[in-house]
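**Q** Add chain B to chain A, keeping to what the hints say.
Chain order of the listed sequences is A and B.
Plus 75 on top of the position in the first sequence (first one is 1) and you've got the working numbering.
Plus 73 on top of the position in the second sequence (first one is 1) and you've got the working numbering.
If you are wondering where the hints come from, they were derived from the structure by calculation, not from laboratory data.
Every value quoted in this text rests on a predicted model; they were computed, and no experiment measured them.
Think of the CB as a built atom: it goes at the ideal place given N, C-alpha and C, for glycine as much as any other residue.
Hints may contain errors.
[Stated by the list, open to error] Here are the in silico distance ranges between beta carbons for each label pair: (1) B:307 x A:517: 54 to 60 Å; (2) B:310 x A:96: 35 to 41 Å; (3) B:118 x A:86: 36 to 42 Å; (4) B:307 x A:143: 58 to 64 Å; (5) A:510 x B:310: 41 to 47 Å; (6) A:380 x B:86: 56 to 62 Å.
[Unchecked claim] Partial list, derived from the structure: chain B residues whose beta carbon lies under 10 Å from chain A: (7) 102; (8) 154; (9) 266; (10) 307; (11) 316; (12) 374.
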Amino acid sequence: MAFSTFSGGIHPPENKGPSEGKAFSNLSVPQLCYIPLQQHVGKPAKPIVEEGETVREGQLIGLADGYISANVHASVPGKVVKIAEHPTVYSKRGMCVLIEAQGAFSTSGKPLESIKWESMSGLELLNRVAEAGVVGLGGAAFPTQVKLHPPRNRQIDTLIVNGSECEPYLTVDDMLMRTFPGEIVEGIRIVMKILGISKALIGVEKNKPHAIASLKKKIAELAPPENIGVAALKTKYPQGAEKQLIYSLTRREVPSGGLPMDTATVVQNVGTIFAVREAVALGKPLFERYITVTGPLVKNPGNYKVRLGSLIADVIEECGGLVAEPAKIIMGGPMCGVALDGMDVPVVKGTSGILVLGHADVRPMDYLPCIRCGRCVAVCPAGLVPNEMANAIEKGRLDLVEPSRPFDCIMCGSCSYVCPSRRPLSHFIKLAQEKLRRRQKE
Amino acid sequence: MQDDNIKAPGLVLSNAPHINAPQSLGSIMWLVVLALTPALAYSTFIFGLHALLLIAVSVAVCVASEAAYCLLIKKPLTINDGSAVITGILLAFNVPPEAPLWMIGIGAAFAVIVAKQLFGGIGFNIFNPALAGRALLMASWPVHMTTTWHSFGESNVLSQAASNVAGLPEQAYDIITQATPLGAFKEGPGLLADLGAAPDAVYRTLFTPEMFKSYLVGNIGGCIGETSALLLLAGALLLLFRRVISWHIPFSYIGTVAAIMFSYYSLSGFGSPGQATLFHLLTGGLMLGAFFMATDMVTSPVTARGMIIFGVGCGILTCVIRLWGGYPEGVSYSILLMNSTVPLIDRFAKPKVFGTKHA
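Only chain A is shown next, with the shape it has when bound in the complex (with noise of 0.2 Å):
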């Protein structure tokens, strides 16, 4: 059987047997809770609590700051220690609420009641995204409410729902769709009802049958039918990407420079799905996710839940710790993943995972001249042709980068990973983006 995919692509070992199948469990409450204001993409919320003030659990912190952006919320109740910058994901000094647990919990351990929001308008649904600061949950953290909004004059047809998790190492997806795939089906009914549409399509990477199977037994079981279809995509890097996932499922292609409303389709990632139907249906703002901590160093990889804020010291902590010294910890996957300087940053929305590698796992910083082998050009989803533009930038010749098209970039990184001079060539282009824009502005 042939399952759809794009062109172009890799197919790294998946390495997903550490945490894979492994049942979510939660994470303890941490005693003290770094919330940055910034968790999304756009401007950072604004504070709206005062040191030494008392919050709820899931009580509104931050305030959205303007259209894109998100509101943030408590995650444990407690006392506002102090609001003040802390190293995050994002910045090195971002600003945080620093919150220290006291008090009762108002949510966890009891079963939120559920609201009949079949009956409520699709504006009323998306206000109830935009209050519960939902972002993408897949690692972008754009404001899912923005996404869900699409200009008037946009015609919408399909929801397409990123289930493809195509990160080597990263299991969290395939167990949210194993675990709760009524609630993820519930959330796309959500999802398709504020977008005023009928139709709806889940691309999951074959290599996760019981998460298809999952699906589509609640899809079957829908009174009355709806138009969800589940999708069993080619297992290839990088099948989870915007752009090659909407190609891969529709045979649409995202004209360059656009959006993915440019071929009437809006994507959404499986756990931001997750996050909207709580919202939704359960009223329960976005301070606590799904992750998966996994990696050869960490003792105990698994699937966790886990308060955002938490401190990654402390989550690796509770993972029982790290058999050997870190080479690299990054926060999401190997792939697209961010590298850290540190333990002390906290948890944000747009956190996947928390990977931890060794010396001999991580790639070397050392590379060679370019050999001309072909291999960049051969899986760039794109149709680029990496070597040329990373040899243009790495002679400071911005002028022969731009004819190349470094803006269609998706910085998927297929290109570094096969390089056999291990040329990084994905962070080339993406110094000659910054140049190109910053020489724009000048």
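**A** Same frame as chain A, but now just chain B:
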């Protein structure tokens, strides 16, 4: 540029991706060396110790030249990457088995120092170093390069095939058996006609089932590494299977030669165009060139479309040289000529950018 990656104490900080594919520059090069080994071993078996000595001198001089150059201009020693070894083997594979040792030494030094290092070392050379070395030898010592073929004696398959052909004068017999099959095929008919013998005696000699078996196995005259189509194909399969090379260049190259040769011999009324085409594919340096030299990454295009254009170009030039040129063989010059077009091909054969209509 390396300053952009800051090493924090203990933790490595660099941009994603954080992992890499197992294949490295060195592992690719040493796989190519491994893929050339069967043909190398067999050449020693059929041509004798002198062939092995030529290979050894060629490799030794290539590696020594690279080391000396790196030391001289104080750049990191690159001999471990295996590329100089490949150049050495390929240069030796492209000279006749009885060529003098001093000559290949000069060719090897030229290949590494002039054709590779003066252009900037690995990754920056325009021409395939081994073929550039061969071109220098062809231009400087043409007699050594075209007459020092191995003498197999009377037991040779070609001699036996020739002695089975009736009415072949003794001089004609020498002409056929002392050249390479391609040489005999090209020069033979004319020389036989001059002697008053039937020109097609050449074809009756070369196109027997036994001879075709020899073209596959390689127990015939020719340059050191080019004779055994089978063993070269075995090495090529390893490289294709391990994805060191892709099908684009060798298949388009060989396919083009096959198409042109078959059309030519069909249209020119040659008795058996199929046999003539197969003969062109299996003899001479086509298998060696198409799988091991035209595929040299540094000197071939980077895009799939570009690789196909490159292969077709090599095929056309090879046919032109073999059919109408002055040399019986055209593989090495056709690859060298196409090497010079690579920047142009890369410029125009870009892949289609996702989300655009055109490339």
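**Q** Determine for every hint whether it applies to the structure shown.
**A** Hint-by-hint comparison with the structure:
1. Under the hint 54 to 60 Å, the C-beta atoms of residue 307 of chain B and residue 517 of chain A, about 59 Å apart, fit the expected range.
2. Roughly 39 Å separates the CB atoms of residue 310 of chain B and residue 96 of chain A, a value that falls within the hinted 35 to 41 Å.
3. About 40 Å separates the C-beta atoms of residue 118 of chain B and residue 86 of chain A, a value consistent with the hinted range of 36 to 42 Å.
4. The hint said 58 to 64 Å for the Cβ distance between residue 307 of chain B and residue 143 of chain A, and at roughly 60 Å that hint holds.
5. Residue 510 of chain A and residue 310 of chain B have their C-beta atoms about 45 Å apart, which keeps the hinted 41 to 47 Å range intact.
6. With their beta carbons about 29 Å apart, residue 380 of chain A and residue 86 of chain B fall outside the hinted range of 56 to 62 Å.
7. Because the beta carbon of residue 102 of chain B sits about 9 Å from the nearest beta carbon in chain A, less than 10 Å, this interface hint is met.
8. For residue 154 of chain B, the interface hint holds, since its Cβ comes within 10 Å of a Cβ in chain A; the closest pair sits about 8 Å apart.
9. Because the closest C-beta pair between residue 266 of chain B and chain A is about 48 Å apart, greater than 10 Å, the hint is violated.
10. A distance limit of 10 Å between C-beta atoms decides the matter here; for residue 307 of chain B the minimum to chain A is near 22 Å, and the interface restraint is violated.
11. With a cut of 10 Å, the hint placing residue 316 of chain B at the interface with chain A holds, because the nearest CB-to-CB distance is about 8 Å.
12. Against a cut-off of 10 Å between C-beta atoms, the interface hint on residue 374 of chain B holds, since the closest Cβ of chain A lies about 7 Å away.
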